[in-house]
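J.: Here is what each chain is made of, one letter per residue.
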Amino acid sequence: MKRWHQFSGIVLPVLVVAALVTWPIVTGRPASRESAFTILKAIALASSLNILLGYTGYVSFGHIVFYGFGGYVGLYLLTEQDLSLGPAMLAGGLSSGILAFLLGTAILRLRGAYFALATIGVNEAMKAFINNFDLFGGPTGITLNFSVYQAYGGAASALQASFYIGAGLALLAILLSYVVRTSKFGLGLLAIRENEDAAEVMGVVAPNAKTWAYVLSAIIPGMIGVLFFFKNGNVEPHDAFPLHSSIELLVMVMLGGQGTVLGPILGAFAYQGMRGFLVTSDFFKDIQLSVSGALLLIIVLFIPAGAIGWLRHRVPTIRRVLA
Amino acid sequence: MTILLSLQGVTKRFGGLQALTRVTFDLPEGQILGLIGPNGAGKTTLFNTINGVYPPEEGRVIFRDKDVTRAKPYEHARLGMARTHQIVQPLNELTVRENVMVGACFGHENQDLGNASAIADEVLEFIGLAARADQLAGSLNVAEKKRLEMARALAARPYLLLLDEVLAGLNHSEIDNMVQTVLKIREQGITIIMIEHVMKAVMNVSDRIIVLDYGEQIAEGDPEAISKNEKVIEAYLGDPRLAEQLLEEA
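Sequence order for the protein chains is A and B.
Positions 3 to 325 (my numbering) are the ones given, in order, by the first sequence.
Positions 199 to 448 (my numbering) are the ones given, in order, by the second sequence.
If you are wondering where the hints come from, they were derived from the structure by calculation, not from laboratory data.
Note that CB positions come from ideal geometry on N, CA and C, so glycine has one too.
One or more of the hints may lead you astray.
[Said to hold, decoys possible] Not everything, but these chain B residues come out facing chain A in the computed CB check (under 7 angstroms):
no.	residue
1	F223
2	A269
3	A275
4	R276
5	Q287
6	L289
7	G301
8	F304
9	E307
10	L311
11	N313
12	A316
13	F324
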């Protein structure tokens with residue numbers, strides 16, 4: 003019984019992913035597969051961001067830079083170096099991790115709003131740099147040769163494979179989030195979130211812990227970037243570094259509950275579900291981002307702990323299950 | 199006697215303000231050193247220079263034969279120094295047990311989570327917070343938060359414990375309780391420096407007392423000598439009659 007309890011926090015998150023993978027199989031429609039992919043991608047990105055935002059307490063407004071940068075590196079390797087998808091994804095994730103390491107040592111000294119501003123600056127600077135970087139195609143970006151898909155049995159089965167790889171990455175992001183949350187390293191991060199100075203006095207090596215949290219939160223977004231742009235067939239600067247996507251990720255994490263494993267997953271699910279409804283409705287389709295803005299405002303004002311955080315406060319007995 | 203901590207000419211300035219002037223003392227293992235002085239005398243600043251929050255401009259801090267003058271607070275913690283804060287710094291959204299586990303995990307024993315949890319329960323029992331272990335630290339009252347500060351520091355199993363006004367804001371019975379706790383901690387072999395305003399308690403508990411005034415060490419000695427020292431009476435105790443009263447009580 004005790005053993006089961008120990009891992010109970012991971013049960014619900016895994017069930018959500020399992021449900022998302024089964025859904026297109028049941029309906030048999032490519033459209034539901036694409037919707038499920040979008041949600042899985044959001045889950046992977048939000049769970050990754052949560053390591054920095056939810057556990058460590060550092061607000062990153064430019065987290066999408068790791069997705070874009072990883073995606074670019076991956077596509078470059080796919081087209082110019084003829085690497086296959088697996089190694090390209092690993093390279094994309096690794097590059098984003100290294101980028102986070104370098105950035106982290108520089109900007110993680112900043113706290114609060116200053117760090118948040120710096121992350122926006124990093125994202126915009128990266129976009130401008132890539133726009134002028136000929137190796138990555140400058141403003142026109144990189145387009146995959148259609149023949150690349152032949153290695154995966156044609157475009158249709160490449161899409162199908164991408165879906166399962168996406169599900170795998172979402173699962174990996176959740177596991178990573180869970181392992182960090184329940185580890186000693188994670189306890190150090192939570193201490194930093196609550197009071198960085200007190201944490202240092204107690205022996206938490208904050209500069210290192212923050213940098214590694216940043217690196218861990220960047221790797222899977224880099225891999226997801228490669229997968230998404232592989233599936234997409236091309237990558238351009240404005241697709242790779244959209245600032246509003248960074249903010250949407252923040253909304254997802256905060257909606258579900260920052261600092262919990264399940265929160266960002268439910269937040270991603272709910273937000274993407276809502277978005278799917280909004281962009282197809284006549285009235286909301288042009289103003290769906292204003293709705294997310296309003297939503298962020300409501301969360302910050304009324305349920306700053308997010309849905310899961312709110313539940314955990316209200317019903318302490320379910321804390322184990324809602325890790 | 200082994201010297202655990204040695205301060206040699208420690209001087210700290212904040213801009214034009216001379217916060218500490220050539221503070222020098224040796225602290226033998228197992229002693230309780232009381233640090234007293236009027237408000238703004240530099241007592242907390244001295245703690246901050248000892249544990250690396252503000253490195254001093256001049257002088258050296260030697261802890262367990264190591265020069266730690268320029269070391270970071272977390273390096274001090276790893277070497278076996280722990281402290282409480284005058285203004286309590288609970289990790290509000292973590293439970294009381296988790297707060298204490300942080301101390302055990304990242305202190306000089308570098309415990310893993312399982313051991314840390316066991317140590318936390320042990321320390322919480324000792325400090326009298328066991329019943330609150332699963333509550334969020336933010337929900338504790340001030341006296342309990344002070345105890346939590348102590349518990350976190352103790353969970354690190356330090357060689358040296360810096361206590362910054364753990365008695366302030368407590369009522370009489372809470373003070374008696376806390377004094378007993380401090381004495382019990384000393385019995386465990388932990389060396390203590392305590393900043394305190396509650397004269398009776400500090401006179402009772404300390405083996406030796408250092409008096410700071412405007413960042414200068416104006417007196418040093420055992421409690422009785424301190425309470426008779428005229429400089430101290432003038433600077434701090436105010437009038438000799440009060441000092442006598444305090445001594446009688448002690």
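J.: With reference to the structure, classify each hint as holding or not holding.
T.: Against the structure, the hints come out as follows:
1. F223: violated (22 angstroms)
2. A269: violated (11 angstroms)
3. A275: Holds, about 3 angstroms.
4. R276: With a minimum Cβ separation of about 6 angstroms from chain A (threshold 7 angstroms), the hint on B:R276 holds.
5. Q287: holds (4 angstroms)
6. L289: holds (4 angstroms)
7. G301: holds (5 angstroms)
8. F304: Constraint on B:F304 satisfied, holds at 3 angstroms.
9. E307: Result: violated, 10 angstroms to nearest chain A Cβ.
10. L311: holds (5 angstroms)
11. N313: violated (10 angstroms)
12. A316: violated (14 angstroms)
13. F324: Check failed: Cβ of B:F324 comes no nearer than 18 angstroms to chain A, outside 7 angstroms.
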